[in-house]
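**Student:** What follows is the residue order along each chain.
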Amino acid sequence: MLDRITNILVVGIGGQGVMTAAEMLARTALSQGYDVKKTEVAGMAQRGGVVSSHVRFGPKVYSPQIDPGEADLLIGFEAAEALRWLAHLRPTGVAMVNTLRIAPPVVSAGLYAYPADPLAQLAASGIEVHAFDAGAIADQLGNPKLVNTIMLGAISDHLPFPADVLKDCIVEGFRAYKPKLAAINAQAFDAGRAAGRA
Amino acid sequence: MNAVVHAQATRRHLLSGNEAVARAAWEAGVRVAAAYPGTPATEILESIARYPDIYSEWSVNEKVAVEVAIGASLAGSRALAAMKHVGMNVASDAFMTQSLAGVVGGLVIVVADDVGLSSSQNEQDSRYWGRFGHLPIFEPADSQEAYAMVKQAFALSEEYETPVIVRMTTRVCHVKAMVEFTGERVEHPAAGFQKNPRRWVMTPANAKPRLPLMHERDQRLRELSETSALNEIFQGADRRIGFVTSGPAFMHVREAFPNAPTLKLGFSCPAPLDKIRAFAATVETLVVVEETEPLLETEIRAAGVAVQGKERLPRCGELAPSVLRPAIKPLLGEPYAVPTRTQADVFPRPPTMCASCPHLGPYFALSHIRNLNIIGDIGCYTLGAGHPWNALDTCTCMGASLSMAHGMDKGRGASDEKKHIVAVIGDSTFLHMGMQGLLNMIYNRGNVTVLLLDNRSVGMTGGQENPGTGQDLHGQPAPRVDFAKLAEALGVRPERIRMVDPYELPTIVKLVREEVKMEEPSVIITNRPCSLTDRFERFKPYEVIDDQCTGCGNCIDLGCPAILVARRETVTAKNGKSKELAFARIDANACTGCHMCVETCAPNAIVQPVTPERVIRIQPHA
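Protein chains in written order, with the numbering used here: chain A, 116 to 313; chain B, 16 to 637.
In case anyone wonders, no lab produced these hints; they're calculated from the structure.
Because the structure is a prediction, the values reported are computed rather than measured.
Even glycine gets a Cβ: it sits at the ideal position worked out from N, Cα and C.
Just so you know, not all the hints are guaranteed correct.
[Said to hold, decoys possible] Taking lysine-lysine and the DSBU-like style, the derived pairs with C-alpha atoms no more than 35 Å apart in a straight line are:
| id | chain 1 | residue 1 | chain 2 | residue 2 |
| --- | --- | --- | --- | --- |
| 1 | A | K175 | A | K293 |
| 2 | B | K344 | A | K260 |
| 3 | B | K223 | A | K295 |
[Stated by the list, open to error] DEER-style ranges, computed between Cβ atoms:
| id | chain 1 | residue 1 | chain 2 | residue 2 | range |
| --- | --- | --- | --- | --- | --- |
| 4 | A | G130 | B | L226 | 33 to 39 Å |
| 5 | B | R508 | A | L256 | 55 to 61 Å |
| 6 | A | K295 | B | T242 | 55 to 61 Å |
| 7 | B | A244 | A | Y227 | 48 to 54 Å |
| 8 | A | G130 | B | G207 | 48 to 54 Å |
| 9 | B | L346 | A | G130 | 41 to 47 Å |
Given these sequences and hints, build the entire structure.
**Tutor:** Have a look at this one:
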């Protein structure tokens with residue numbers, strides 16, 4: 116068990132499953148005996164706004180939020196949202212980014228510009244960046260909602276506990292509540308894990 | 016965020032502060048719980064609703080919720096009311112006097128301050144109500160403490176016969192942390208109402224003799240606070256600075272200054288001033304870390320203890336270790352290097368109204384009619400102030416739209432002579448505190464056009480039920496108010512009460528134009544449900560026929576997030592001036608087929624494909 120705090124920042128847009136993914140990480144860390152805190156500030160963000168869930172676990176966690184410069188892992192469900200939280204990453208941090216780009220009305224209407232290449236900007240800051248189209252994998256598996264399990268698979272090798280622990284927690288969760296989705300989520304986790312290594 | 020684990024004691028649970036409060040209320044034998052939805056307090060009642068042993072309801076507003084709880088308390092039942100910070104303003108009329116009369120069954124008011132304004136119109140610090148109303152306050156710092164303190168609050172409330180406030184903030188309500196249950200439900204049967212007019216009828220003659228009793232209770236509570244285990248000193252070897260703090264701010268102090276002695280106030284009102292004075296004597300410099308006003312700091316300084324606080328720390332917004340270090344490390348003569356990586360510059364992504372939102376139609380109309388002063392209210396429709404509508408001029412508090420609009424009508428100056436005054440209010444907000452404004456406008460012969468947006472939901476907080484939805488907190492059928500009859504009963508003439516389908520754009524634009532010209536109040540009521548609730552029926556998506564789109568941008572003016580700009584062109588119009596064309600594209604995944612955009616499209620370039628094959632994923636932004 117690590118003696119320091121692991122900080123994971125899950126970011127995206129309201130409705131993408133950011134909270135669900137963060138919940139799964141928090142429950143898994145709890146099952147490994149860690150003290151855990153997970154923030155869930157949603158408020159109006161569900162209306163297509165910015166959503167971020169901070170997950171912190173370790174021997175003893177005090178503050179629930181992750182401060183700038185302290186995130187070990189950034190899971191971005193959308194490219195520009197991953198870039199938005201760049202300053203929160205530790206110099207040794209890892210960013211796992213879904214290449215999906217969603218322009219809000221203010222950008223589509225031309226009031227603001229969508230960054231030309233958010234992933235290049237992320238990489239230019241020196242942090243380790245992995246990016247892939249999780250949506251395409253979800254489509255191949257036949258269910259767009261699998262994106263958050265795919266993203267969890269992708270980061271599962273960057274955790275202080277074995278990837279299978281997270282996988283089992285996810286699959287057991289589905290077996291308990293939605294058994295029909297257990298198998299496909301196991302597949303999605305593995306596909307994400309492979310994509311995350313590329 | 017809402018899974019409540021119905022389990023035996025001693026198992027570890029990941030619960031938000033709100034869920035922990037619900038479990039504690041159940042264990043404490045609470046029999047009545049009432050609230051009005053409000054971020055970040057909403058999930059307290061949503062969680063309590065899962066405990067059948069407790070009668071729980073959405074009340075029409077927070078004043079009613081507290082009065083329901085008071086009534087239950089006088090009948091001998093333990094009762095809980097929950098609300099967000101601004102709800103206390105509404106509810107204060109009731110608890111300010113009940114503090115004098117007292118309670119029988121334990122009465123706990125759980126208030127959730129939205130420090131950092133994730134979803135509120137101001138950042139009030141509810142701790143002041145404890146001083147103003149002579150009420151004790153507990154301040155949990157996390158879910159485990161929220162669970163423990165709510166149970167203790169009921170015991171304190173009954174022992175001292177006073178309402179008790181449990182003050183939480185977003186970083187307790189909406190943070191999931193480990194909670195260990197330590198008990199099961201203990202029944203507290205209602206002792207039955209004991210008539211005692213000299214106590215419960217607060218006429219001046221009865222109230223006067225109770226004033227000294229209240230002050231005497233204050234003194235006893237202060238003595239209790241001095242010795243309460245909830246006010247705990249956490250040791251630290253580095254005595255150069257000692258912290259006094261409360262609530263989740265404690266967590267930031269502990270993380271940023273782990274070696275500093277820290278007095279954490281869980282029972283923070285009345286403040287244990289002797290304990291604080293004694294603690295101050297053991298450290299070189301005393302610093303108060305509190306969210307958000309310098310309340311404790313002022314009380315400590317008034318008690319003759321030297322203390323620092325808001326001259327170093329921010330007066331508003333959330334605290335965090337990254338805020339405390341640069342503010343306080345200089346006191347130790349230690350420089351603090353701020354993390355070097357700068358914030359990436361990314362476009363804002365404000366919340367906006369959803370695809371098929373029934374408010375899109377009214378705002379399309381309002382943004383296309385000139386000479387309007389549009390007085391707004393609290394709800395998703397407040398987003399009408401933003402892009403692309405820019406069709407809302409004020410928003411202050413729940414129900415203010417109707418009364419402020421009436422005042423603007425009566426107080427209009429010469430420059431507003433030709434202006435039409437419009438008020439925009441939602442169904443739940445109208446039933447919360449808007450009815451009185453409409454009644455006042457009729458009674459005092461005002462002239463305002465009211466847009467009553469009935470989306471059959473408390474949309475902004477996540478789609479809760481209200482007296483206009485036909486369902487209660489538990490989803491059971493409930494009587495449904497008839498807004499047209501209600502408006503008529505308040506005095507609006509039947510001819511000026513117009514029902515409209517907000518999806519029929521030409522109709523609603525025509526209707527608003529007509530009604531704003533009338534020299535008497537009108538009420539236009541929309542009748543489409545919120546598209547995020549299961550009352551909304553999703554239709555097949557629409558698509559733009561590229562070569563028929565003329566780039567006029569009308570559909571984009573709707574503000575629907577499913578309608579995007581595919582490409583732009585600048586052309587010179589007949590009159591020689593250059594014109595910007597914006598050709599539209601519809602995101603088939605986001606579009607839910609409400610056909611409002613079809614009604615804005617002159618060349619009929621927007622169609623619903625007869626048999627849409629499996630829609631391919633949208634391409635990355637061009």
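**Student:** Would you mind marking each hint as holding or not holding in the structure?
**Tutor:** Tested hints:
Between A/K175 and A/K293, the direct Cα distance comes to roughly 33 Å. Compliance with the 35 Å bound is thereby established for this hinted pair. Between B/K344 and A/K260, the direct Cα distance comes to roughly 46 Å. Violation of the 35 Å bound is thereby established for this hinted pair. Taking the CA atoms of B/K223 and A/K295, the gap is about 67 Å. The hint is violated against a cut of 35 Å. Between A/G130 and B/L226 the beta carbon distance is about 53 Å. The supplied range of 33 to 39 Å is therefore violated.
At about 60 Å, the CB distance of B/R508 to A/L256 agrees with the hint of 55 to 61 Å. One distance hint, 55 to 61 Å for the beta-carbon pair A/K295 and B/T242, holds here, with the actual separation near 57 Å. The beta-carbon spacing between B/A244 and A/Y227, approximately 53 Å, falls within the hinted interval of 48 to 54 Å. Range check, A/G130 to B/G207: Cβ separation about 49 Å, and the 48 to 54 Å hint holds.
For B/L346 and A/G130, the Cβ-Cβ distance of about 45 Å falls inside the hinted range of 41 to 47 Å, so the restraint holds.
Violated hints, in rising order: 2, 3, 4; the structure is consistent with all others.
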